[in-house]
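Student: As given, the protein sequences belong to chains A, B and C, one line each in that order. Be aware that the first sequence starts at -9, since it is given in this note's numbering, and climbs by one per residue. Be aware that the second sequence starts at 28, since it is given in this note's numbering, and climbs by one per residue. Be aware that the third sequence starts at 444, since it is given in this note's numbering, and climbs by one per residue.
If you're looking for bench data, these hints aren't it; they were derived computationally from the structure. What you were told as hints is all true, and nothing was included just to trick you.
Stretch by stretch, here's where chain B covers chain A in the computed footprint (C-beta under 8 Å, at least three residues):
1) 110 to 121
2) 156 to 166
Under the rule of at most 27 Å between Cα atoms (straight-line distance), these lysine-lysine pairs were calculated in the BS3-like manner:
3) K50/B with K146/A
4) K146/A with K76/A
5) K540/C with K50/B
6) K76/A with K44/A
7) K146/A with K102/B
Beta carbons: idealized from backbone N, C-alpha and C, even for Gly.
The primary structure of each chain is shown beneath.
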Amino acid sequence: MIDKMDQIFVLLQHWLVAFLPLSLQPVASVLLAVVAIVCVFPGLFALTTVFERKGLARIQNRIGPNRVGPFGLFQPVADGIKSLTKEDIVPSSANAPVHFLAPIVLVVAVFMGFAVLPMGRNMVLVDMDAGLLFYFAMGASTEVSVFMAGWSSRNKYSLLGAMRAVAQMISYEVVLLLSSVSVVMIAGSLSLTKIVAAQSGYTGYFPHWYIFTPWGLVGFIMYAIAATAETNRSPFDLPEGESELVAGYHTEYSGFKFALFFLGEYLAMFSISGLGTTLFLGGWSAPFSFFTFIPSWFWFFAKLMMSIFVFIWMRGTLPRLRQDQLMNFAWKFVLPLTLLNLMVTALWRFMGEGWARWGVCSAILIAAYILMGRVGMYKEHFGPRRYRYAE
Amino acid sequence: MSPVFYLVSAMTVAGALAAVLLKPLVHCALAVTVAFAGLAFLFLSLDAQFAGFAQILVYIGAVAILIVFAILLTKGSELPRDGVFSRSWLAGVVISAAVFAALGWAILRSAWTLPHETAVPAVTVHDIGVALVDRYVLPLEIVALLLTAATIGAVIVAMHEKEGVK
Amino acid sequence: MTPLASYLLVAALVFAIGLAGALVRRNAILVLIGIELMLNAANLNFIAFWRYGPHPEALTGMMFAIFSIAVAAAEAAVGLGLVISIYRHAQTTDLDKMNRMKG
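One chain only, chain A, in its complex shape (with noise of 0.2 Å):
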């Protein structure tokens, strides 16, 4: 019974394709999953519109909207009515062609990280032997989009958002894949169902997953700091900073267009938080090892949803980083703490196991953090605040 449950989405697959003659079994069965993706993965991002919401509301001590259905909880329809509806404006001395397939090429190249994501015990669409790889190289196709937006408006805020955009992607990008590449060492493979395999043990009650290692939890937080930049959210919002650029580079876009570009970057920030789970977190694996009756669908799908709680929380907490604060963050202090991070990986998994390799990989990781925190602000004063009111 708790198989059935947890398998259920694959019982569900092949009694329908079982409907089919044998030849088209096969395409049959991809052509449902890719359906199942196309259609719960933008029905979730509706979902999470209104949690965002609703959620930044509460933290600046308001409501957010409440007037759409119980809760507010039908305010996306609301939104894609509008969205639809809205008047598609394209600026005469746009680049049509581009200007077209900006949006376009943002949500294919995204859509298609979503297919070496493992959702569940065998529930993954493509089982690639570099799957990592490719993922990265669908992330890295968003960016070519993100330019194409900007230039084509002939707009100078558009093209400044997009370059920002573009500067602060390729930058995050490395550390990003620097921080996978200590998960890929230790797991032994680029394979993400073998990742998740290799996080699916159990000492007593607790799980083996990557976070709950020291250099797990550094490659985490460089991971989550990397994930966050990359798709542009708050504090790294510069780029499509409201009040700084207008819309960024998508200034000119309007209706379905800027639609297409809210959930390209909503499912940016699914598929990334996807991929983090899957590297960090465990996948779908259960947390304690008496909760491994709940299906591993659930708990995939939880980890996602507690990750986006979390950018939820961020945007609505930290305020936006200046360009260049956001440049030296990245290549003076990440990056560096990230290649650390590597090698104290790589001395983890040769000092065998035991409580020596804890100590010293948390001591060294600590005490680069503490150096080079201390070291890159030598030049600010640490005092008591003082603030200075409008007398």
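Starting from the known structure of chain A, arrange chains B and C on it as the hints suggest.
Tutor: Just chains B and C now, with coordinates in the frame of chain A:
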């Protein structure tokens, strides 16, 4: 040959042609990105998954962006006054046509000696990794040195010179 | 025509187009684009021969292509840095105008 091969080759060749024939520079950069993507698909159709994804990651994710940044930093968005083709364009076209003719003749002459369908090589990323540190460790280290030198060199070449220091 | 011959023809065509682009266009950046197309065509050649050649498990073709991708990226970076630096000096990227050695 499968229709997928023809489609992807057509996309690649069209992208390459557009990249060298179009007048606005940014359009050329986007067309060459399409050509890179087509080539990545061709790698994937040859069962070279690692090379195909590395091609997308490096070329589309980095080299294309680099080209675009360079075009924008050198004011390439404006069309030049003297036209986009050099004065000696005919010589260039003749030379490349001759090169293509020579290569094509060599390929078609020996087409009957080339092997037909062979089995898909069972190559995993693990094998590539092992080969990189086992048989190809020297090229790996040299490429690492090269990349370091290229990064430092590019920064030094493109850096603003300090005022007064020549 | 064997599959290998078709891949080689496509690679030869892209190489010729890249060569034409490098020789025909005035802008220095387009010359670099042509060079990247040529390198890519050569990579395609290597991978095609690796796939249909005698010893694919020796990985020689794939390794060559991977190293070539890395080297091409480095060369593009340095080349574009040079183009930017020349633009700063000569205020143009038109190669037909840069026909003197005098700075």
